[in-house]
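**Q** Following the hints, put chain B in place on chain A, whose structure we already have.
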Amino acid sequence: ETGVTQSPTHLIKTRGQQVTLRCSSQSGHNTVSWYQQALGQGPQFIFQYYREEENGRGNFPPRFSGLQFPNYSSELNVNALELDDSALYLCASSLGSSSYGYTFGSGTRLTVV
Amino acid sequence: KNEVEQSPQNLTAQEGEFITINCSYSVGISALHWLQQHPGGGIVSLFMLSSGKKKHGRLIATINIQEKHSSLHITASHPRDSAVYICAVRPGGSQGNLIFGKGTKLSVKP
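Which chain is which? The protein sequence lines are A and B, in order. Numbered as in the working numbering, the first sequence ends at 113 without a single skipped number. Numbered as in the working numbering, the second sequence ends at 110 without a single skipped number.
This is chain A alone, in the form it adopts within the complex (with noise of 0.2 Å):
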């Protein structure tokens, strides 16, 4: 069984670009979730999606849209990057509602300069 892939590993974007990120979700998982890591802090919670629909978002602006595919997996997408969209990016995939846990991908990280 396949873990989480995520791609790109790095990222470097001029401010004002658009960029999109893509996570392949484990095998036999339905739901993907998006993390946003800044330096030093703990993950927060973008945005989830559960059989090609947002099912849950957090407190990011519509800047930040996403997908998710037939094969569950997923793509992020940031319009208009700002300086303090640097940071890590996580995608975690899991099955439902996640009674059995969560598989995280290794992440990307975006600098924006």
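These are calculated hints, taken from the structure and not from any lab test. It cannot be assumed that every hint is accurate.
Claimed, not checked - Residues on chain A that point at chain B, a partial pick, calculated with CB under 8 Å:
id, residue
1, H29
2, S33
3, A38
4, G42
5, F45
6, Q48
7, G56
8, R109
9, V113
As the list claims (entries may be wrong) - Pairwise CB distance ranges, derived in the manner of DEER restraints:
id, chain 1, residue 1, chain 2, residue 2, range
10, A, L39, B, V27, 24 to 34 Å
11, A, N77, B, N2, 23 to 33 Å
12, A, Q17, B, K54, 38 to 48 Å
13, A, T111, B, E67, 36 to 46 Å
14, A, G3, B, I65, 27 to 37 Å
15, B, Q66, A, A80, 22 to 32 Å
16, B, R80, A, G101, 30 to 40 Å
Because the structure is a prediction, the values reported are computed rather than measured. Using N, Cα and C, we set each Cβ at its ideal position, and we do this for glycine too.
**A** What follows is chain B alone, placed relative to chain A:
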């Protein structure tokens, strides 16, 4: 005040020592997770608890739902245990999102 508080923030131990990391939370939860994060950023799930105690190798996790408190213990610590340990809770009634503590950075010296 954060909904999930961990202590200590930083911990340095000598190899072989018994280590305890504490987590307190202020919301009703359906589960609590202990996670391990290495410098590269990847997170590994150690335990998911909703009551009582769990043990895996040298790691033990306990939770007291009434007191809204959990502890992670490491027995016979080893330098390879050096990592950030994060407590995260799943609020009751949530869609599945987690609320994370800021983590405890553990360094075990040989």
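**Q** Taking 8 Å as the limit, does the beta-carbon of A38(A) come near enough to a beta-carbon in chain B?
**A** violated, 10 Å
**Q** Is the interface hint for V113(A) satisfied, with its Cβ closer than 8 Å to some Cβ of chain B?
**A** violated, 19 Å
**Q** Once the shortest beta carbon distance from R109(A) to chain B is found, is it less than 8 Å?
**A** holds, 7 Å
**Q** 23 to 33 Å was suggested as the range; check whether the CB atoms of N77(A) and N2(B) agree with it.
**A** holds, 28 Å
**Q** Do the Cβ positions of Q66(B) and A80(A) conform to the proposed distance bound of 22 to 32 Å?
**A** At 46 Å between Cβs, range violated.
**Q** Is the distance from the Cβ of L39(A) to the Cβ of V27(B) consistent with 24 to 34 Å?
**A** holds, 25 Å
**Q** Does G56(A) pass the interface check with chain B, least Cβ-Cβ distance below 8 Å?
**A** holds, 4 Å
**Q** Would you check whether S33(A) satisfies its interface hint, that is, whether its CB is within less than 8 Å of any CB in chain B?
**A** holds, 6 Å
**Q** Within 27 to 37 Å or not, the Cβ separation of G3(A) and I65(B)?
**A** Once the Cβ atoms are compared, 30 Å apart, the range 27 to 37 Å for I65(B) and G3(A) holds.
**Q** Is the distance from the Cβ of T111(A) to the Cβ of E67(B) consistent with 36 to 46 Å?
**A** Distance hint for T111(A), E67(B) holds at roughly 41 Å.
**Q** Honestly, do R80(B) and G101(A) meet the 30 to 40 Å range at C-beta?
**A** violated, 23 Å
**Q** Quick check on the hint: F45(A) CB to chain B CB, less than 8 Å?
**A** holds, 4 Å
In summary, the structure is inconsistent with hints 1, 3, 9, 15 and 16 from the numbered list given earlier, while agreeing with the others.
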